[in-house]
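**Q** Going line by line, the protein sequences match chains W and X. Counting along the first sequence from 1, when you hit position 157 you're at 157 in our numbering, and nothing is skipped either side. Counting along the second sequence from 1, when you hit position 42 you're at 42 in our numbering, and nothing is skipped either side.
Think of the hints as simulated: they come from the structure by calculation, not from any bench. Some clues are possibly wrong.
[Unchecked claim] What follows is a list of derived Cβ distance ranges for each label pair:
hint : chain 1 : residue 1 : chain 2 : residue 2 : range
1    : X       : Cys29     : W       : Leu19     : 29 to 37 Å
2    : W       : Gln85     : X       : Trp206    : 15 to 23 Å
3    : X       : Asp165    : W       : Gln37     : 29 to 37 Å
Glycine is no exception: its CB is placed at the ideal position from the N, C-alpha and C atoms.
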Amino acid sequence: MTSPAKTPTPLRMAVRTALILFLFVTAFTGLLAAAYQWTRPAVEAAAAAEKMKLIGEVLPPELYDNDFLRDVLTLAPTPELGLEQESTAYRARRQGAITALVFEAVAPDGYSGKIRLLIAVTADGRLLGVRVTQHKETPGLGDYIEPRKDKNKERPWIRQFDGLSLAALGERDWRVKKDGGRFDSLAGATITPRAVIRAVHKALQHVAKRRAEWFADGTRQEKSDDQPR
Amino acid sequence: MISRAEFKEIRNNGVWHQNTSLVQILGLCPLLAVTSNMVNGVMLSLATILVMAIANVAVAALRNLIPHEIRIPVFILIVAALVTVVDLVFNAQFHELYQVLGIFIPLIVTNCIVLARVEAFANRNPPLQAAFDGVFMGVGMLWTLALLGGLREFIAGGTLFAGIDMVIPALRPWQILPEDYPGFLLAILPPGAFIVLGCLIAWKNWVEARAAARRSRGQPATTLSNLAGGA
């Protein structure tokens, strides 16, 4: 090239900036990859611990002696539970017999989108507890379904489900009091509890229908599909 | 190094004169979504202070290597990469804190405050000055968001510090108005955020106008610099 360095041609300039941009992208992608690799074990461990803690809240320790995070049932997409994708149910066992099942359900009709729930049911169809794992309800208004955000610390709203079953509560009682049911709700925020109550009720009905299948004592690690009755 | 006057100017700009929320009106999306209570507003600001300081220092240190023509894509690359790294490191190393602050960190990537400060300040100044600019811009955001969140939750539910128990478990939210206060829902819904922010901007303009009027009458200008300095 004969042109002096002070006035670079457009082509040279384009190549130069492209090269510099490429170097920046490479460097920062490398940084991201390194950070991801370095933090992954800790992030995964933390996620597992969090799941364990949440399950621990709904599953009393005297009900299991197994490692239920490894004793799982893979559920096909289940519209009755609001699940569009495969999900995992954890089986709590004591001396080999399944005592309770912990599974996910989704209330599709929250005030602002889906509310993801974690539900624990005993072998005789009694609710051990329900926890909200993910939601986008209005902060300070509909988020009392999360015990951490519930102002009533002694008896958070979500604990109304503890111990309930289809046998204990008739079809028409699975509603908020405002609609003639048995459940409390806060004034100004009834869409959220309605969605949660409906989802839990439907989940219980689904469990009742599938009880024979889900609570059958299959060997560990087996998928539900090829499980003998 | 940094001179005292320079430091003072950076501080006053960040906290008052160029306040991100009240003057530059930047980053409104996370601002309005998050300030439904005071604790959330403060948490978002703390995360922003951290990210802005880091991003400003990184850009200031690399500023001589970045060609003018492609500076914006490079800035975005740097900011996005740094925020992601901060997010990952927080999640891995300070998990307790991450559960409180974590949801706010990804919000910052979309926040144009960071990009604006990188472009307007860090690109033209040495790293130390840039670090102070990031921190004080964040401090300006902190007090504004704390005020905004506090006003909104007080009007909406009669409380202050709602959610503080998630940050410091020993503390409890403060119920100021009686329990049977019916609440004023609008305040914590998005329109309430706009209304309260509008009132805050009007208040700031009023303070400035009063100070300017006093100056023009020949009295010593006291309020403005004292207010900004004391904040």
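**Q** Please go over all the hints and tell whether each is borne out by the structure.
**A** Quick rundown of the hints versus the structure:
In this structure the supplied range 29 to 37 Å holds for Cys29(X) paired with Leu19(W), their Cβ-Cβ distance being about 35 Å. Distance hint check: the CB atoms of Gln85(W) and Trp206(X) are about 54 Å apart, inconsistent with the given range 15 to 23 Å. The hint said 29 to 37 Å for the Cβ distance between Asp165(X) and Gln37(W), and at roughly 36 Å that hint holds.
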